[in-house]
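J.: Sequence:
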Amino acid sequence: TDEGWLYLAIVLDLFNREVVGWSLKARMTADIVTDALTMAWFRRKPAAGLIHHSDRGSQYASLAFQDKLREYGMVCSMSRKGNCWDNAPTESWFNSLKNERVHGLRYKTRAEMTAASFEYIEVFYNRRRRHSTLGYKSPMQFLDDWLAAQRKKQLSA
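Heads up, the sequence shown is in UniProt numbering, so the first residue is 1 and it goes up one at a time.
Because the hints were derived from the structure by calculation, they are not lab data. The beta carbon of each residue, even a glycine, is placed where N, CA and C say it ideally should be. A hint or two may mislead.
Unchecked claim - For lysine to any residue, the following SDA-like pairs were computed, each having C-alpha atoms within a straight-line distance of at most 25 Å: (1) Lys98 <-> Asp13; (2) Lys45 <-> Leu8; (3) Lys25 <-> Lys98; (4) Lys68 <-> Ser58; (5) Lys153 <-> Leu134; (6) Lys45 <-> Ala64; (7) Lys25 <-> Leu105; (8) Lys98 <-> His52; (9) Lys25 <-> Asp2; (10) Lys98 <-> Lys68; (11) Lys153 <-> Phe15; (12) Lys68 <-> Glu122; (13) Lys25 <-> Pro89; (14) Lys98 <-> Ser79; (15) Lys152 <-> Leu134; (16) Lys25 <-> Ala48; (17) Lys81 <-> Ala64; (18) Lys25 <-> Gly49; (19) Lys68 <-> Asp31; (20) Lys25 <-> Phe94; (21) Lys25 <-> His52; (22) Lys152 <-> Thr133; (23) Lys25 <-> Ala47; (24) Lys45 <-> Arg128; (25) Lys81 <-> Glu100.
As the list claims (entries may be wrong) - DEER-style ranges, computed between Cβ atoms: (26) Ala64 <-> Ser92: 25 to 31 Å; (27) Pro46 <-> Gly135: 21 to 27 Å; (28) Tyr7 <-> Met140: 35 to 41 Å; (29) Lys108 <-> Arg128: 22 to 28 Å; (30) Leu14 <-> Arg128: 17 to 23 Å; (31) Tyr136 <-> Ala88: 16 to 22 Å; (32) Ser77 <-> Phe118: 27 to 33 Å; (33) Cys76 <-> Asn99: 25 to 31 Å; (34) Lys98 <-> Glu3: 17 to 23 Å.
Work out the full structure: start from the sequences and follow the hints.
T.: See below:
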């Protein structure tokens with residue numbers, strides 16, 4: 001932005017490609033990834049043992065983040081050193097964001113960028129953006145359909 005950098009951390013649910021947690025801050029410190037993880041945990045409240053995968057960034061290796069993973073009963077998984085393919089879904093998500101909302105656009109303020117990020121993630125990406133890997137459904141539509149199918153199976157059992 002014209003006011004300075006903003007960094008975005010996300011937690012991506014690999015089941016339905018939904019961004020379940022995100023945080024946007026002026027500095028890339030441990031609290032940005034911890035805040036994104038906390039949002040994801042409150043939204044999903046996953047069972048203990050969920051695997052959280054990330055790259056080897058210092059924010060993810062921080063004691064604060066590792067403590068939060070343990071508090072939430074999550075298992076830490078980190079990419080192999082120098083191997084971007086291990087974190088390909090998240091890298092792909094950021095590529096989509098850059099192509100669809102960053103390149104060619106200029107944001108005057110951090111507040112403007114924050115609002116645009118909210119709109120992209122919560123309004124467009126999670127609810128409307130279709131994915132070939134999800135049968136050309138949005139992340140939320142895919143999840144809704146899956147949950148409905150699970151309920152139907154339970155009723156017929």
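J.: Confirm or reject each hint.
T.: Now the hints, each set against the structure:
Pair hint Lys98 plus Asp13 holds up; C-alpha atoms about 19 Å apart against a cutoff of 25 Å. Annotation: proposed proximity of Lys45 to Leu8 holds, straight-line Cα distance about 22 Å (limit 25 Å). With a C-alpha separation of about 17 Å, the suggested pairing of Lys25 with Lys98 holds against the 25 Å cut-off. Restraint check for Lys68 and Ser58: the C-alpha separation of about 15 Å stays at or below 25 Å, so the hint holds.
Taking the CA atoms of Lys153 and Leu134, the gap is about 20 Å. The hint holds against a cut of 25 Å. At roughly 19 Å between alpha-carbon atoms, Lys45 and Ala64 fall within 25 Å of each other, so this suggested pair holds. For the hint linking Lys25 to Leu105, the alpha-carbon distance of about 19 Å falls within 25 Å, and the restraint holds. Distance hint between Lys98 and His52 is fulfilled; the C-alpha atoms sit about 23 Å from each other, no more than 25 Å.
For the hint pairing Lys25 with Asp2, the CA-to-CA distance comes to about 15 Å; that is within 25 Å, so the pair holds. Restraint check for Lys98 and Lys68: the C-alpha separation of about 29 Å exceeds 25 Å, so the hint is violated. As the CA atoms of Lys153 and Phe15 are separated by approximately 19 Å, the hinted pair is consistent with the 25 Å bound. As the CA atoms of Lys68 and Glu122 are separated by approximately 24 Å, the hinted pair is consistent with the 25 Å bound.
Restraint check for Lys25 and Pro89: the C-alpha separation of about 22 Å stays at or below 25 Å, so the hint holds. Distance restraint check for Lys98 and Ser79: the Cα-Cα separation of roughly 22 Å lies within the 25 Å cut-off, and the hinted pair is therefore satisfied. In summary, the hint linking Lys152 to Leu134 is supported, as the alpha carbons are separated by about 20 Å, within the 25 Å threshold. Note on Lys25 and Ala48: the hinted pairing is violated, with a Cα-Cα distance of about 28 Å set against a maximum of 25 Å.
Among the hinted pairs, Lys81 with Ala64 is consistent with the structure: their alpha-carbon atoms are about 21 Å apart, no more than 25 Å. For the given pair, Lys25 sits about 29 Å from Gly49 by alpha-carbon distance, which is inconsistent with the 25 Å threshold. Of the pairs offered as hints, the one joining Lys68 and Asp31 holds, with about 11 Å between alpha carbons and a cut-off of 25 Å not exceeded. Restraint check for Lys25 and Phe94: the C-alpha separation of about 16 Å stays at or below 25 Å, so the hint holds.
Of the pairs offered as hints, the one joining Lys25 and His52 holds, with about 21 Å between alpha carbons and a cut-off of 25 Å not exceeded. A threshold of 25 Å between alpha carbons decides the hint, and for Lys152 with Thr133 the separation of about 23 Å falls inside it, so the pair holds. The straight-line distance between the Cα atoms of Lys25 and Ala47 is roughly 28 Å, outside the 25 Å bound, and the hint therefore fails. Proposed proximity of Lys45 and Arg128 is supported: the alpha carbons are some 24 Å apart, at most 25 Å.
Between Lys81 and Glu100, the direct Cα distance comes to roughly 29 Å. Violation of the 25 Å bound is thereby established for this hinted pair. Our hint of 25 to 31 Å for Ala64 and Ser92 holds, since their Cβ atoms are close to 27 Å apart. Range check, Pro46 to Gly135: about 23 Å between beta-carbon atoms, so the 21 to 27 Å window is met. Checked against the given bound of 35 to 41 Å, the beta carbons of Tyr7 and Met140, roughly 25 Å apart, lie outside it.
For Lys108 paired with Arg128, a C-beta distance near 26 Å keeps the hint of 22 to 28 Å intact. Evaluation of the 17 to 23 Å hint for Leu14 and Arg128 yields a pass: the beta carbon distance comes to about 20 Å. The supplied range of 16 to 22 Å is met by Tyr136 and Ala88, whose beta-carbon atoms lie about 20 Å from each other. Under the hint 27 to 33 Å, the C-beta atoms of Ser77 and Phe118, about 28 Å apart, fit the expected range.
Distance hint for Cys76 and Asn99: a CB-CB separation of about 30 Å, consistent with the stated range 25 to 31 Å. Lys98 and Glu3 have their C-beta atoms about 19 Å apart, which keeps the hinted 17 to 23 Å range intact.
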